[in-house]
Amino acid sequence: MKSFTTVCGIVAPMDRANVDTDMIIPKQFLKSIKRTGFGKNLFDELRYLDEGRPDQDCSHRPINPDFPLNQARYQGASILLARKNFGCGSSREHAPWALDDFGFRAVIAPSFADIFYNNCFKNGLLPIVLSESVVDQLFLQMYEAEGFTLTVDLAEQQVRTQSGEQYSFEVDAFRKQCLLQGLDDIGLTLQESDAIRAYEAQRRASAPWLFDAIVAND
Amino acid sequence: MAAKTLYDKLWDAHLVKQRDDGSALIYIDRHIIHEVTTPQAFEGLRLAGRKPWRVDSMLATPDHNVPTTLAERAAGVAGIEDPVSKIQVQTLDDNCDEFGIVEFKINDRRQGIVHVIGPESGACLPGMTIVCGDSHTATNGALGALAHGIGTSEVEHVMATQCLVAQKMKNMLVQVDGTLGVGVTPKDVVLAIIAEIGTAGGTGYAIEFGGEVFRTMSMEGRMTVCNMAIEAGARAGMVAVDQITLNYVKGRPYAPSADLWAQAVEEWMQLHSDAGAAFDKVVIIDGSQIEPQVSWGTSPEMVLPVGAHIPDPQQERDPVKRESIERALKYMALAPGQPITDIKVDRVFIGSCTNSRIEDIRAAAAVLNGRKVAASVKQAMVVPGSGLVKAQAEAEGLDKIIRAAGVEWREPGCSMCLAMNADKLGNGEHCASTSNRNFEGRQGYGGRTHLVSPAMAAAAAIAGHFIDVRTLSGQDH
Chain X
2 MKSFTTVCGI VAPMDRANVD TDMIIPKQFL KSIKRTGFGK NLFDELRYLD
52 EGRPDQDCSH RPINPDFPLN QARYQGASIL LARKNFGCGS SREHAPWALD
102 DFGFRAVIAP SFADIFYNNC FKNGLLPIVL SESVVDQLFL QMYEAEGFTL
152 TVDLAEQQVR TQSGEQYSFE VDAFRKQCLL QGLDDIGLTL QESDAIRAYE
202 AQRRASAPWL FDAIVAND
Chain R
130 MAAKTLYDKL WDAHLVKQRD DGSALIYIDR HIIHEVTTPQ AFEGLRLAGR
180 KPWRVDSMLA TPDHNVPTTL AERAAGVAGI EDPVSKIQVQ TLDDNCDEFG
230 IVEFKINDRR QGIVHVIGPE SGACLPGMTI VCGDSHTATN GALGALAHGI
280 GTSEVEHVMA TQCLVAQKMK NMLVQVDGTL GVGVTPKDVV LAIIAEIGTA
330 GGTGYAIEFG GEVFRTMSME GRMTVCNMAI EAGARAGMVA VDQITLNYVK
380 GRPYAPSADL WAQAVEEWMQ LHSDAGAAFD KVVIIDGSQI EPQVSWGTSP
430 EMVLPVGAHI PDPQQERDPV KRESIERALK YMALAPGQPI TDIKVDRVFI
480 GSCTNSRIED IRAAAAVLNG RKVAASVKQA MVVPGSGLVK AQAEAEGLDK
530 IIRAAGVEWR EPGCSMCLAM NADKLGNGEH CASTSNRNFE GRQGYGGRTH
580 LVSPAMAAAA AIAGHFIDVR TLSGQDH
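Going line by line, the protein sequences match chains X and R.
Numbering-wise, my numbering comes out as the position in the first sequence, counting from 1, plus 1.
Numbering-wise, my numbering comes out as the position in the second sequence, counting from 1, plus 129.
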């Protein structure tokens, strides 16, 4: 897994609450059997003025000039500043894949939907929860100052502004370690194989029906 | 021993290891897979040279991409017209064949929507942990199981280890007391719950649905409610096991039989919250006050009783909420103060993992019986949740009633709920939909979704606009 230590980058806004994963990456792009290439269709229905199709060259599509990610001042942004309940709806991991592929390394919001939050960590994308008042303030600062950047320091669990303000955030210890070191969590779990087998043996004895095989018994 | 909630019991029974850092390894009993969220997981297994830990714990079916017209379905995977969809469905077949996973393939009579076939086949049982790369997996919680959606990386993790790395959620009880009024359905109950607690109200929680309304609700109704737990922000929703659960499960193909059945029942009857169990949050709703619901906006919490009027954003003090309402009204082309019953519908979709089971189809057919779809409605369709639901409906003659009303009777799949196949809304069209999400563009680019029950969707098809199904004459509820 991709590691995350410190990121310093331009902040771009997604200034609305309840951004759902359909909005982050619409369903027609979910037909891909790959993990990459979703960046050009990130926020497709907001970013372009036409309806997107899979496997399309997006460079000639009409873009929505009002959408922040299309504006010069946010080019190269690596931190997305968002509102509450970001990533709600569908469990599609294509949403963090699209954000990552576009170039985002962190998303800051007052709250995230559970499945999206979880999916981010699997992809080296750091979701950061800051209070609503801090997020409000960051939005104001970002709109005021073109080229507004933030530094995200995972080891210290801090978001820092250029002017020296510091905001601490929570992240659970396991996810933090996995992200800092870019650990393969399947490999880590497989180190517990004996514990898994012991659980299975005990469970099989007390609830054998749970281990009835799914067989092709048409 | 301390009193436990249903969720506490399910969690404790599946805890493989509690780690010092607060994370835990949870054992997964059942893993249901489909074509959209698995190709990258299989590829990951192959790249790492890994094999599934317990291949016989898995069950696969294609549902999101499959066409629902008989013409396009007849030739199986080869007949899928969209080449990208065809590759994805074919990839699921190939992966299941390679790894030896049982799959109900596209034209198997048991094929259907993942969350319909799981309970229907008995593959999903009370007391299980059940995952699937789809957020509506909570549907299975109706069985008294811990079921939730996972991302593709977790799909790969569960395939490889039979476990999930998880953190225990908090406990929420949503208690709906009293008795539902005539014409009020489980869909109306869950929409009313979401209106009450909000689309993020359940974030971080596992929700148990309890109270008198659930004790008398059918299993399929409980599935409809648990299905939409995620629309209230909760990954998992569940209902305690009772005789209704046992009656539903007994005799299903993958359910235990004979001696094992008795042993299982003994354990399953413990699957309820103990008296005095502590919940972190309790929401109490009076079921007798719930009316048929219609969503008007672009989030499932934007929902009102059918007799209500579109809200005025100027009445909302919270600026973020006000802006959300304004944006929703603009997208939906609705005006503040407009009666819900004035909204005309262009298309009607009855189906999805929320409402495509036999009781849903019976409810729609009861309204459509002897009536005709309004001339102004461009298309109305019923898409059964599985091949077995379809066969059952046809055995009951429901397909004839549905077709006679001018409604299309389709092959099973997810269809217009998320419009990954050819079934979609045109730009600007309003749809009375029994699905679960009314997000912008969800049912098609520029499409406008109104979430309703099957009976309300059928009534809208007849009237050409939303109408309180209770006012239709001759309704036999």
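Keep in mind that the hints were calculated from the coordinates and are not lab data.
Some hints here could point you the wrong way.
Residues of chain R placed beyond 12 Å of chain X at every Cβ, according to the derived structure [stated by the list, open to error]:
| id | residue |
| --- | --- |
| 1 | Gly151 |
| 2 | Ala203 |
| 3 | Glu285 |
| 4 | Glu360 |
| 5 | Pro382 |
| 6 | Ser428 |
| 7 | Gly436 |
| 8 | Pro440 |
| 9 | Gln443 |
| 10 | Asp447 |
| 11 | Ala462 |
| 12 | Asp471 |
| 13 | Gln521 |
| 14 | Glu523 |
Stretches of chain R that chain X covers, calculated by requiring three or more beta carbons in the stretch to come under 8 Å of a beta carbon on chain X [said to hold, decoys possible]:
| id | region |
| --- | --- |
| 15 | 325-336 |
| 16 | 405-414 |
A virtual CB, placed ideally from N, CA and C, is assigned to each residue, including glycine.
These are the hints, each one checked on the structure:
Not every CB of chain X is more than 12 Å from the CB of glycine 151 (chain R) (nearest about 6 Å), against its label as outside the interface. Non-interface call for alanine 203 (chain R) relative to chain X: holds, since the shortest CB-CB distance, roughly 20 Å, exceeds 12 Å. A cut-off of 12 Å between C-beta atoms contradicts the statement that glutamate 285 (chain R) is not in contact with chain X; the least separation is 7 Å. In this structure glutamate 360 (chain R) is not separated from chain X by more than 12 Å, as the shortest Cβ-Cβ distance comes to only about 8 Å.
Residue placement check: proline 382 (chain R) does not keep its beta carbon more than 12 Å from all beta carbons of chain X (closest about 7 Å). With 12 Å as the threshold on Cβ separation, the claim that serine 428 (chain R) sits away from chain X is violated: the shortest Cβ distance comes to roughly 5 Å. Residue-level check passed: glycine 436 (chain R) sits 26 Å from the nearest beta carbon of chain X, beyond 12 Å. Distance to chain X confirms proline 440 (chain R) as a non-interface residue, since its nearest Cβ pair spans about 16 Å, more than 12 Å.
With a minimum CB-CB distance of about 18 Å to chain X, glutamine 443 (chain R) clears the 12 Å threshold, and the non-interface call stands. Not every Cβ of chain X is farther than 12 Å from the Cβ of aspartate 447 (chain R); the closest lies at roughly 10 Å, contradicting the non-interface assignment. For alanine 462 (chain R), the requirement that its beta carbon stay farther than 12 Å from each beta carbon of chain X is met, with the minimum near 16 Å. Aspartate 471 (chain R), annotated as away from the interface, keeps every beta carbon of chain X farther than 12 Å; the closest lies near 26 Å.
Non-interface status of glutamine 521 (chain R) relative to chain X is upheld: no Cβ of that chain comes within 12 Å, the nearest being about 17 Å off. Residue placement check: glutamate 523 (chain R) keeps its beta carbon more than 12 Å from all beta carbons of chain X (closest about 19 Å). Using a Cβ-Cβ cut-off of 8 Å, 4 residues of the region 325-336 of chain R lie near chain X, which meets the minimum of three, so the contact claim holds. Check result for the region 405-414 of chain R against chain X: violated, 0 residues qualifying (beta carbon to beta carbon below 8 Å, three or more required).
Of the hints listed earlier, those the structure fails to meet are numbers 1, 3, 4, 5, 6, 10, 16, in rising order.
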